[in-house]
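A.B. asks: Here's the letter readout for the chains.
Protein chains: 2
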Amino acid sequence: APGFRVRGVFNPAATRFGEEILLLLRVAEDCEAGANEVAVPIARFENGVGRPDILRLSRRDPEVDLSDSRYVVYRGRTHLSTLSHLRLARSRDGARFTVDERPFIFPSDSTESFGAEDARITQIDGVFYINYTCVSPDSWATALVSTRDFKTVERHGIIFPPQNKDVCLFPEKINGHYCALHRPHNSGFGRPSIWYAESPDLVHWGNHQCLVRPRDNGWEDERIGGGAPCLKTPEGWLQIYHGAGADASYRLFTLLLDSTCPARVLKRASRPLLEPEADYEAKGFFGRVVFTDGVVPFDDGRVWIYYGAADQTTCLAETSVDELLDSLDTP
Amino acid sequence: APGFRVRGVFNPAATRFGEEILLLLRVAEDCEAGANEVAVPIARFENGVGRPDILRLSRRDPEVDLSDSRYVVYRGRTHLSTLSHLRLARSRDGARFTVDERPFIFPSDSTESFGAEDARITQIDGVFYINYTCVSPDSWATALVSTRDFKTVERHGIIFPPQNKDVCLFPEKINGHYCALHRPHNSGFGRPSIWYAESPDLVHWGNHQCLVRPRDNGWEDERIGGGAPCLKTPEGWLQIYHGAGADASYRLFTLLLDSTCPARVLKRASRPLLEPEADYEAKGFFGRVVFTDGVVPFDDGRVWIYYGAADQTTCLAETSVDELLDSLDTP
Chain A
166 APGFRVRGVF NPAATRFGEE ILLLLRVAED CEAGANEVAV PIARFENGVG RPDILRLSRR
226 DPEVDLSDSR YVVYRGRTHL STLSHLRLAR SRDGARFTVD ERPFIFPSDS TESFGAEDAR
286 ITQIDGVFYI NYTCVSPDSW ATALVSTRDF KTVERHGIIF PPQNKDVCLF PEKINGHYCA
346 LHRPHNSGFG RPSIWYAESP DLVHWGNHQC LVRPRDNGWE DERIGGGAPC LKTPEGWLQI
406 YHGAGADASY RLFTLLLDST CPARVLKRAS RPLLEPEADY EAKGFFGRVV FTDGVVPFDD
466 GRVWIYYGAA DQTTCLAETS VDELLDSLDT P
Chain B
166 APGFRVRGVF NPAATRFGEE ILLLLRVAED CEAGANEVAV PIARFENGVG RPDILRLSRR
226 DPEVDLSDSR YVVYRGRTHL STLSHLRLAR SRDGARFTVD ERPFIFPSDS TESFGAEDAR
286 ITQIDGVFYI NYTCVSPDSW ATALVSTRDF KTVERHGIIF PPQNKDVCLF PEKINGHYCA
346 LHRPHNSGFG RPSIWYAESP DLVHWGNHQC LVRPRDNGWE DERIGGGAPC LKTPEGWLQI
406 YHGAGADASY RLFTLLLDST CPARVLKRAS RPLLEPEADY EAKGFFGRVV FTDGVVPFDD
466 GRVWIYYGAA DQTTCLAETS VDELLDSLDT P
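Protein chains in written order, with my numbering: chain A, 166 to 496; chain B, 166 to 496.
The following block holds chain A by itself, in its conformation from the complex (with noise of 0.2 Å):
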């Protein structure tokens, strides 16, 4: 749109197609704005349809804080630096991406005029089920679409309220219920923990436990947070999450829960499995961040995990289900 520029490409959902790898992307763009301009971009809505629109603020009034590059924040009210989008990129060797032309998945009502970010696919029963988090003047959530095709979709609505994000659905049934890892807020007690719920639609959550807290090892204080929808392994599900730790740095961790009550925890690693590092890890819109919301499995073994480093780029390593098991060193 005119007046906006992509300012990352970033935490993208992956999954199989046919004879195709498609990760959805997160797609965030901010706006040009003068030299003593804050211009903030969001989504409107007319009959259905959003289109992006900029806020403008005047970087002199006391009332705008830039403090965090991620946010703008006026008159008390949070609003983002960012309008980010969903869009697709299809490959069929997983590496080299032909990006879409248009999004996918575009803000489209007023739970989403701040942005639709950070999507997990997962695949229940042939449905590909989509979550992500809209943002809006009332608060971030988890929304629910699903597609057969990756052309239309049907929309589900919020299935888990402000604030809550990082929701992990389980690829089956499990116990005849549907299973997902969620991520409360909780501002002031404890910190942000991991959660478990059941569902008997995918649309209706009940059953909330809290699953998995952070650890006081440096690595986790601020936060964890689940990241790709869980793996199935002979060992139990394998999910990767992330951590925020004391040095505002997001490392990526692994987790397994047990096969036929997923809220039992069996092992989780003592150390992280990924972090940042490399210059596009450290550096970035937001430095020193790996997050990952996709993974891809191979029939011998090997495991692709698509991150985003530093709210900015999007990157691949490689793994596998051998290693990812060994990873888990405690109790």
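Hints listed in this document are in silico derivations from the structure and should not be mistaken for laboratory results.
Treat the hints with care, since some could be wrong.
As the list claims (entries may be wrong) - Straight-line C-alpha distance at most 20 Å; calculated EDC-like pairs for lysine to aspartate or glutamate:
1. A:Lys-338 to B:Asp-366
2. B:Lys-432 to B:Asp-366
3. B:Lys-338 to B:Asp-366
4. B:Lys-338 to A:Asp-494
5. A:Lys-432 to A:Asp-366
6. B:Lys-397 to B:Asp-487
Chain A is fixed; fit chain B onto it per the hints.
C.D. replies: This is chain B only, laid out in the frame that chain A set:
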């Protein structure tokens, strides 16, 4: 329990049961402490049974923050200065109550170690559903139990994960769904508002929508939240909710929702229905608060509003369906 003393009996749920009116009172207790000591009441659990316990801190510890009478913040973690449980009181006339000898709901697992607060009772198809706020180091959330006889309860777990309270169930299915109002926290984004959700079974919830936001009227600047379960009236579902103003006072307001589509707001009162004026409302454990969790309608149109005053005492006000509907002056 030894060392514990009652600081308040307030914010009751209310229902008819047989020939009686029952209140489910929030009983808040704190602990006797030495001159330089802070004694924080908590619940500990062994084999599924909770018992009261005391965490002792030094008043001189610079990491102890007592600036809000409701909280003890220690090393950045929030504890409550009181431990609440829920206790039944029974009455033939609705005014003179006999309080049970023992708690009806005492914290019973780690999700309730900081207390069980602010119950609402909703009779649906002959079963009494009781939702209440459970508080723990993992934050505050809303739990659901049910009973048929007010002797035994069946637990249904956490139905709205952190941070969520002020949940009001509707007394019947509407368009094939159970419905609820709930109040997520949304620190930094907007102001805490009343949301709507639907459920197939009262346990799993979805289709979350932000329904009513605080107005800039001086009375709702901080937050609003649901009060008693909605009353069915000829004109729609009548909700008595609370608002907290910039002056830190809690007042009651009326709201009317569509009979067949309760996610549709029909009317709202421009002025408070009840505000703290009497001495026992203005002064107390946390002053300038009126807060309702339970109303009882009569066949002749009268409505009794049971409400907590100043987070300390339980009061009764009488109004009528006609008066409540007349208060709704804003489209």
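A.B. asks: Take the C-alpha atoms of Lys-338 of chain B and Asp-494 of chain A, compute the straight-line distance between them, and say whether it is at most 20 Å.
C.D. replies: violated (49 Å)
A.B. asks: So if I understand the rule, the pair passes when the alpha-carbon distance is 20 Å or less; does Lys-397 of chain B with Asp-487 of chain B pass?
C.D. replies: holds (12 Å)
A.B. asks: Does Asp-366 of chain B sit within 20 Å of Lys-338 of chain B, going by the straight-line distance between their CA atoms?
C.D. replies: Since the Cα atoms of Lys-338 of chain B and Asp-366 of chain B sit roughly 10 Å apart, the hinted pair holds (cutoff 20 Å).
A.B. asks: Holds or violated: are the alpha carbons of Lys-432 of chain B and Asp-366 of chain B at most 20 Å from each other?
C.D. replies: violated (29 Å)
A.B. asks: Does Asp-366 of chain A lie within 20 Å of Lys-432 of chain A when you go C-alpha to C-alpha?
C.D. replies: Distance ~29 Å between Lys-432 of chain A and Asp-366 of chain A Cα, so the pair is violated.
A.B. asks: Has the given pair, Lys-338 of chain A with Asp-366 of chain B, been kept, meaning a C-alpha gap of at most 20 Å?
C.D. replies: holds (18 Å)
Of the hints listed earlier, those the structure fails to meet are numbers 2, 4, 5, in rising order.
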